[in-house]
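> Residue numbers (our numbering), protein chains in the order written: chain L, 1 to 351; chain P, 1 to 355; chain H, 1 to 262.
Just to be clear, a hint being listed does not mean it is correct.
Part of the chain L face toward chain P, derived, beta carbon under 8 Å [claimed, not checked]:
#1 S29
#2 Q35
#3 S172
#4 I191
#5 L206
#6 L207
#7 A210
#8 S270
#9 N274
#10 R315
#11 E324
#12 G329
Everything labelled a hint here was simulated from the structure, so no lab data went into it.
All figures in this text were calculated on a predicted structure; none of them were measured in a lab.
Glycine included, each C-beta is placed from N, C-alpha and C at the ideal position.
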Amino acid sequence: MGQAELLGVMMATETTTREPEFEVRHHDSFGLRLQHVLHANPVLGPLAVLVVAIIAFSIVNPRFFSAPNLSLVLAQVTVIATLALGQTLIILTAGIDLSVGAIAVFSSILMANFATKAGMPGFLALILGLLCGTAMGAVNGFLVTRIKLPPFIVTLGTLTIFFSLNAVVSNSETVRGSDMPDLMTWTGTTIPIGGFRLTYGSIIMLLLFAYFFYALRSTSWGKHVYATGDDIEAARLAGIRTNRVLFSVYTIAGLLYAIGGWILIGRLASASPNVGVDYNLDSITAVVLGGTSLFGGRGGVLGTLIGALIVGVFRNGLQLGGVEVVWQGFAVGLLVLVAVSLDQWIRKVKT
Amino acid sequence: MRDLAVSRRGRLIAAGCVAVLAFGTAGCGGGDSGSGGGGGGTVVGLITKTDTNPFFVKMKQGAQAAAKQQGVDLQTFAGKQDGDNESQVQAIENLISAGAKGFLITPSDSKAIVPSIDKAKQQGMLVIALDTPTDPPNAVDATFATDNYEAGKLIGQWAKAKFDKEGKTAKIAFLDLNANQVSVDVKRDQGFMDGFGIQFGDPNKIGDENDPRIAGHDVTNGNEDGGRTAMENLLQKDPSINLVYTINEPAAAGAYQALKSAGKDKAVTIVSIDGGCPGVDNVKNGVIGATSMQFPLKMASLGIEALAKFAKDGSKPQATAGKDFMDTGTTLITDTPQTGVDAKDSTWGKQNCWG
Amino acid sequence: MTATATMTPVLQAKGLTKRYGRVTAIESGDLELYPGEILAVIGDNGAGKSSLIKALSGALIPDSGEIFMDGNPVHFRNPMDARTAGIETVYQTLAVSPGLDIADNLFLGREERKPGVLGSVFRMLDRGHMRSEARRHMTELGIGTLQNIGQAVESLSGGQRQAVAVARSAAFGSKVVILDEPTAALGVKEGNRVLQLIRDVRDRGLPVILISHNMPHVFEVADRIHIQRLGRRATVITPQSHSMSEAVAIMTGAAPPPPMVA
Numbered sequence: 001m002g003q004a005e006l007l008g009v010m011m012a013t014e015t016t017t018r019e020p021e022f023e024v025r026h027h028d029s030f031g032l033r034l035q036h037v038l039h040a041n042p043v044l045g046p047l048a049v050l051v052v053a054i055i056a057f058s059i060v061n062p063r064f065f066s067a068p069n070l071s072l073v074l075a076q077v078t079v080i081a082t083l084a085l086g087q088t089l090i091i092l093t094a095g096i097d098l099s100v101g102a103i104a105v106f107s108s109i110l111m112a113n114f115a116t117k118a119g120m121p122g123f124l125a126l127i128l129g130l131l132c133g134t135a136m137g138a139v140n141g142f143l144v145t146r147i148k149l150p151p152f153i154v155t156l157g158t159l160t161i162f163f164s165l166n167a168v169v170s171n172s173e174t175v176r177g178s179d180m181p182d183l184m185t186w187t188g189t190t191i192p193i194g195g196f197r198l199t200y201g202s203i204i205m206l207l208l209f210a211y212f213f214y215a216l217r218s219t220s221w222g223k224h225v226y227a228t229g230d231d232i233e234a235a236r237l238a239g240i241r242t243n244r245v246l247f248s249v250y251t252i253a254g255l256l257y258a259i260g261g262w263i264l265i266g267r268l269a270s271a272s273p274n275v276g277v278d279y280n281l282d283s284i285t286a287v288v289l290g291g292t293s294l295f296g297g298r299g300g301v302l303g304t305l306i307g308a309l310i311v312g313v314f315r316n317g318l319q320l321g322g323v324e325v326v327w328q329g330f331a332v333g334l335l336v337l338v339a340v341s342l343d344q345w346i347r348k349v350k351t
Numbered sequence: 001m002r003d004l005a006v007s008r009r010g011r012l013i014a015a016g017c018v019a020v021l022a023f024g025t026a027g028c029g030g031g032d033s034g035s036g037g038g039g040g041g042t043v044v045g046l047i048t049k050t051d052t053n054p055f056f057v058k059m060k061q062g063a064q065a066a067a068k069q070q071g072v073d074l075q076t077f078a079g080k081q082d083g084d085n086e087s088q089v090q091a092i093e094n095l096i097s098a099g100a101k102g103f104l105i106t107p108s109d110s111k112a113i114v115p116s117i118d119k120a121k122q123q124g125m126l127v128i129a130l131d132t133p134t135d136p137p138n139a140v141d142a143t144f145a146t147d148n149y150e151a152g153k154l155i156g157q158w159a160k161a162k163f164d165k166e167g168k169t170a171k172i173a174f175l176d177l178n179a180n181q182v183s184v185d186v187k188r189d190q191g192f193m194d195g196f197g198i199q200f201g202d203p204n205k206i207g208d209e210n211d212p213r214i215a216g217h218d219v220t221n222g223n224e225d226g227g228r229t230a231m232e233n234l235l236q237k238d239p240s241i242n243l244v245y246t247i248n249e250p251a252a253a254g255a256y257q258a259l260k261s262a263g264k265d266k267a268v269t270i271v272s273i274d275g276g277c278p279g280v281d282n283v284k285n286g287v288i289g290a291t292s293m294q295f296p297l298k299m300a301s302l303g304i305e306a307l308a309k310f311a312k313d314g315s316k317p318q319a320t321a322g323k324d325f326m327d328t329g330t331t332l333i334t335d336t337p338q339t340g341v342d343a344k345d346s347t348w349g350k351q352n353c354w355g
Numbered sequence: 001m002t003a004t005a006t007m008t009p010v011l012q013a014k015g016l017t018k019r020y021g022r023v024t025a026i027e028s029g030d031l032e033l034y035p036g037e038i039l040a041v042i043g044d045n046g047a048g049k050s051s052l053i054k055a056l057s058g059a060l061i062p063d064s065g066e067i068f069m070d071g072n073p074v075h076f077r078n079p080m081d082a083r084t085a086g087i088e089t090v091y092q093t094l095a096v097s098p099g100l101d102i103a104d105n106l107f108l109g110r111e112e113r114k115p116g117v118l119g120s121v122f123r124m125l126d127r128g129h130m131r132s133e134a135r136r137h138m139t140e141l142g143i144g145t146l147q148n149i150g151q152a153v154e155s156l157s158g159g160q161r162q163a164v165a166v167a168r169s170a171a172f173g174s175k176v177v178i179l180d181e182p183t184a185a186l187g188v189k190e191g192n193r194v195l196q197l198i199r200d201v202r203d204r205g206l207p208v209i210l211i212s213h214n215m216p217h218v219f220e221v222a223d224r225i226h227i228q229r230l231g232r233r234a235t236v237i238t239p240q241s242h243s244m245s246e247a248v249a250i251m252t253g254a255a256p257p258p259p260m261v262a
């Protein structure tokens, strides 16, 4: 072995036995250390905001921190959180999806109409509705990967197309839950767990989050999603089938949106074509508040769940605190600006 | 895997197709000529906020039927969503170049549409606002609308009578439209307070009252999802709520789900405004206690009649006495009528509802 | 180590052509790489070096021409095909994912799954094993000065990132390693380190194709020097047969290309 190699091996052995998790250099300013910590764990920022908000709202109105109220907040954010899960996958690849709400609502209308007007059994109607949502996501994926149009433009177009189709199919009519098979509204049923009351919809949502948390971290597909968003050319050159990754992300998101539509039926006890106009912005808000970067490659689903909870907590907490409605929107907008600025600051980390 | 590169021209063509599909489907209402009657050449127009809201769908149907009867050519237009001013501006321009004698419009943006209306009036066209006034209201020749204040007042009076009869003190939740406090939102909210007997502050402002009977206000975006969340949060704030004012029937439906989930659906009364057929169904099955019905069909047909008359002899329609618009009426629909408050039952409601 | 014309080349390109509209990137491009050597490819801007290399690494599909490995014809439809055939490439842009860590980058596109059910059904990655393997590869190449194998690549210095990219190619390359401008953005010390790495790779039995603008570096490590000019091969010389200034002259066209030396 040459001298250089010997030295290299010696230094390597030294470092492997030391193995610190972060490089905590005590002469760094607090700001710099904070930046490093947040860079390594981007979830900490949103988590801190959520915890502080919960504490503050509980002080202002102790009824906030009760099991019934917290269960309520979870139920209120469930649909958006499910949609935001799909949105997270897409944003991780440096894309964006404006057709979120359209796919969710149209899927819910389709499955409701399959079960009522077309007289299908609940199970079949549900499966078909989910397949339709998946197909809509695949349309987005196709346009992004094959026709190579920017995601913003593609989903802007499909947003309008799907909402228009939604109006035609539904004839602008709401389908009542009582006319549908029980399976359609099942997601709204609550069960007591501990002192809390969770809906099946919330449980499905949490399971989905758990699954994708695992998938993004511990499967090659997950690594490829991050790599594609981080630097798509580098990923392609490294041998990753980036088109396949992108297509998979939009299609999976479509399925998630359709599941969100199913959960929505449970919450409203009806399939309404009037809802969902702002779901795209709401889902993007949850993703951004959760620390996922709009430029791709950074962040994750845990942050999104926290982001969705932050919005729900603020809405509920401000109302319980007797704050005028107009400030709710103001607060969320402010939070988004802070979240994005924080993301920019964290990205500046250098060793 | 094949090289997925598509030729540049191919991509441009595909992009063009997507764009055309998107805008074509969206603006489907924009520029489509409605089924006009065998028209003696007189062209009139109807411009609604959207063509998906059942309220405007009914309006369009009423207008088409009236146009056929009057023998005028009706062209219909719509925006892509609530607040889409651009499409309505384009629609007016189209009508001007089509040489229309006049048109009916439900303005998405009461202020921003005024310059286009002025342009139309300069051409000698008759412009009538339906359902929503312009700002200023006299920018149009006439306004045919529901008296939203009256609509709110009716349900307020009904609720007051009911609660007085049952000897209950009310704790009221207000489920409004959104933070923008548009005129229809404010008028209905304040009208309700007037009818119920609550002292309100500035009649142009929601939320500046401090009567102890008010549990709180929240916003719903006028749909079921918003209705449910708003009701849940207000209920958490004040579990003693026993009366709920809602801006419209979808919001009421959402509020009902929240109450049902909390086991309070029997104990709490919901009132609403609109008179859509699903809403009337909800009156029938006890979800909504009472609702004020509007008559979009009447608005549209009266409007078409006025346009036809103007085309014939140049006379313009008059406002209802004492108001600066032509009141197309509002009727209370309930299956539990209270003394002193005129109402019709849900069967009548089903025959006259819209949507 | 010089190669003789009678040995079968590990990698050979014959008559490669690629046009973009009216612009010809390579025309009748030829190249031979023999076992156990470092072949430097030099040429002025626009001479077609990058396109030639991209064709060999599967990042570009030529309009015509053939590529042979150990005498057998091969067709690369994408970078993965080339990798599978044993050709590893380090691109000028490094092709590392800045947000992922060192181990992730080393195994990008070839992640290892856990054995058994966890791997096949749940598709769970064996991160622990990948990390220890990454550490091993880095130290084998003498790159030990990294605090944490789990740190994101973007927090590394230019030379360290280069080292990760080279380590990746050396770890998985079984037939050929191609390096595109590996010392371009580095300082003197780090540049020399990378040159040593390149020699180590060759000494481990992997032939290397090295594209570089840096004449001193080229003359320091190359066994043979392929000069590319105007989309085709002008000639092949060695550091012994010609001087740096003569090489530059041939490259820019100031001097006529001599017949191939080796």
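> Confirm or reject each hint.
Taking the hints in turn, this is what the structure says about them:
no.	hint	in the structure
1	S29	41 Å, violated
2	Q35	36 Å, violated
3	S172	5 Å, holds
4	I191	13 Å, violated
5	L206	19 Å, violated
6	L207	22 Å, violated
7	A210	25 Å, violated
8	S270	6 Å, holds
9	N274	4 Å, holds
10	R315	7 Å, holds
11	E324	6 Å, holds
12	G329	6 Å, holds
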